[in-house]
Amino acid sequence: MGYLFKEGVRNMYTHGFMSFAAVCVTVACLVIISSFSLLIYNLSIFVSDMEQQNRVLAYVEETYDTAEAKSVGSRINLLKNVREAVFISREEAGERFIRQEGGGEAYEGIDSSTFRDRFEITLEDNSKMDETVTALEQIQGVVKVRARSELAKGFTTIQKVLNLASAAIIVVLLVVSLFMISNTIKLAMYDRRDEIAIMKMIGATNRFIRFPYFVEGFVIGSISGAVAFFLEWGLYDFLDKRISEVQSLQLLKLVPFEQVLLLTAVTFGAVGLFVGVFGSVMSIRKFLDV
Amino acid sequence: MIEFRNVTKVYEAGNRAIEGVSLHIDDGEFVFLVGPSGSGKSTIIKLLTAELEPTSGSIEVNGYKLETIKKRQIPYMRRTVGVIFQDFRLIENKSVFENIAYGMRIVGASSREITARVPYVLDLVGLENRGRRLPHELSGGEQQRVAIARALVNNPAMIVADEPTGNLDPQRSYEIMMLLESINALGTTVMVVTHEQELVNRFTKRVIAIKDGRVINDGMDGYYINEET
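Protein sequence lines correspond, in order, to chains P and A.
If you're matching positions, the first sequence starts at 1 in our numbering and goes up one per residue.
If you're matching positions, the second sequence starts at 291 in our numbering and goes up one per residue.
Worth flagging that the hints you see were computed from the coordinates, not collected in a lab.
Keep in mind that a hint or two might mislead.
Pairwise CB distance ranges (calculated) [as the list claims (entries may be wrong)]: (1) P/A165 to A/A303: 47 to 53 angstroms; (2) P/A28 to A/L476: 54 to 60 angstroms; (3) P/K186 to A/N507: 45 to 51 angstroms; (4) A/A303 to P/V266: 51 to 57 angstroms; (5) A/G328 to P/K286: 53 to 59 angstroms; (6) A/G318 to P/C24: 54 to 60 angstroms.
These numbers were taken from a predicted model, which means no experiment stands behind them.
Every residue gets a Cβ at the ideal spot worked out from N, C-alpha and C, and that includes glycine.
Could you put the whole structure together from the sequences, leaning on the hints where they help?
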């Protein structure tokens with residue numbers, strides 16, 4: 001077993017160029033796919049954040065005092081799709097209005113009774129905004145509900161298109177990558193077909209021939225996964241810094257890499273190993289039939 | 291022991307390579323299998339190493355019945371037959387020592403057994419100082435000796451040499467034949483496939499002559515049938 005393991009590692013060096021080519025192709029494919037996936041992930045979070053800012057306002061009956069108005073909140077919170085309902089008193093609503101309008105003399109002396117107590121509601125799922133608005137309108141004490149359901153629908157559509165397009169593109173990239181990687185490995189195996197035929201002719205079992213290739217695939221896969229991971233990390237950090245330096249791109253703030261570090265590392269490790277081991281063992285199959 | 295009983299091989303394209311071949315080679319024999327190019331010699335080698343399956347008939351090699359052999363048993367059958375090729379078929383990136391040792395590693399020999407056996411076999415083929423060289427650093431004759439050493443290393447019951455002197459000059463060819471004869475003297479069955487009439491006639495051995503896929507002569511008098519016969 002020790003000999004076969006050493007053989008696998010040695011093969012990598014003796015067929016250095018093909019090993020290097022296999023690592024490069026795998027790294028390139030992994031970096032392309034992961035860059036695209038991270039871009040989609042960031043876009044998705046960005047859209048989701050924007051969506052969360054689209055809140056529903058539920059106005060409370062004017063005749064209610066503050067305590068009664070606040071008690072309406074418990075009924076609102078009973079609705080399934082309500083994530084959070086924040087009470088805003090008429091005084092606070094007045095202050096906000098004046099702030100939004102830029103203040104000034106014209107707004108001095110506005111009585112807070114002009115405004116109504118209200119709840120600012122964040123929904124779990126904005127695609128169900130219409131149903132939730134209907135349910136809110138039926139709650140005793142709620143006199144009016146204001147919701148920008150068209151905007152919510154817009155965000156939902158964008159999110160759906162984004163998910164669908166990204167899934168399709170990732171599948172295409174994955175298939176192209178697997179094709180490229182498997183061809184590179186096949187080329188490396190073709191380079192060694194005579195060697196394999198000799199091994200078969202002197203009585204080596206398929207398992208004996210395959211094991212060093214398994215080790216080689218494992219090592220190449222691990223190296224590819226590790227290189228691709230650190231390369232991706234570097235690229236992401238570089239891009240993040242450049243974006244944060246540009247004032248006009250502040251809205252596009254990227255998710256910190258640390259947040260996706262574990263997922264990326266595990267994915268790169270798993271894909272690298274799968275491609276390396278599976279690619280080697282499968283590609284050698286047809287040369288074993290001697 | 292090799293036993294061919296009425297063996298016919300027809301390739302997929304319809305080309306009939308051998309037809310109704312029957313032959314029996316006993317343990318310890320030295321046999322020449324001769325015939326012109328395209329006569330079916332190589333097909334016979336491929337059949338007895340289970341590279342090909344016969345279209346009809348039965349083949350037995352060292353106790354393995356090839357018409358019923360399971361795929362996973364083929365490597366074990368091949369270990370009983372040391373095959374030597376015209377183009378040596380050495381692994382280019384392994385040293386002479388490693389090429390020979392590889393034959394032992396596949397049967398699970400320990401490092402100690404390998405260290406003891408490989409120098410002995412190298413000495414037997416006259417290459418005691420060449421262990422560290424790579425195949426391309428040796429002459430053709432030396433490379434063929436390495437191939438013989440590899441074939442011998444596991445003490446096979448039989449050596450099959452397919453045109454072993456095809457790439458060598460007459461003097462080296464003779465030396466290789468002498469080496470094979472000395473291996474045969476130690477008890478190993480040797481079958482040499484060749485079309486070199488002169489070389490065959492320098493030895494007094496059993497000769498099986500093939501032409502157009504049929505055995506046309508099988509005698510102990512070194513008899514050789516050439517293309518004009």
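Hints, one by one, checked against the model:
1. P/A165 to A/A303: 47 to 53 angstroms: Between P/A165 and A/A303, where Cβ atoms are some 51 angstroms apart, the hint holds.
2. P/A28 to A/L476: 54 to 60 angstroms: 57 angstroms Cβ-Cβ, so the 54 to 60 angstroms window holds.
3. P/K186 to A/N507: 45 to 51 angstroms: 47 angstroms, holds
4. A/A303 to P/V266: 51 to 57 angstroms: 52 angstroms, holds
5. A/G328 to P/K286: 53 to 59 angstroms: The hinted range 53 to 59 angstroms is violated for A/G328 and P/K286, with Cβ atoms some 28 angstroms apart.
6. A/G318 to P/C24: 54 to 60 angstroms: 56 angstroms, holds
Figure legend: structure checked against the earlier numbered hints; the only hint not met is number 5.
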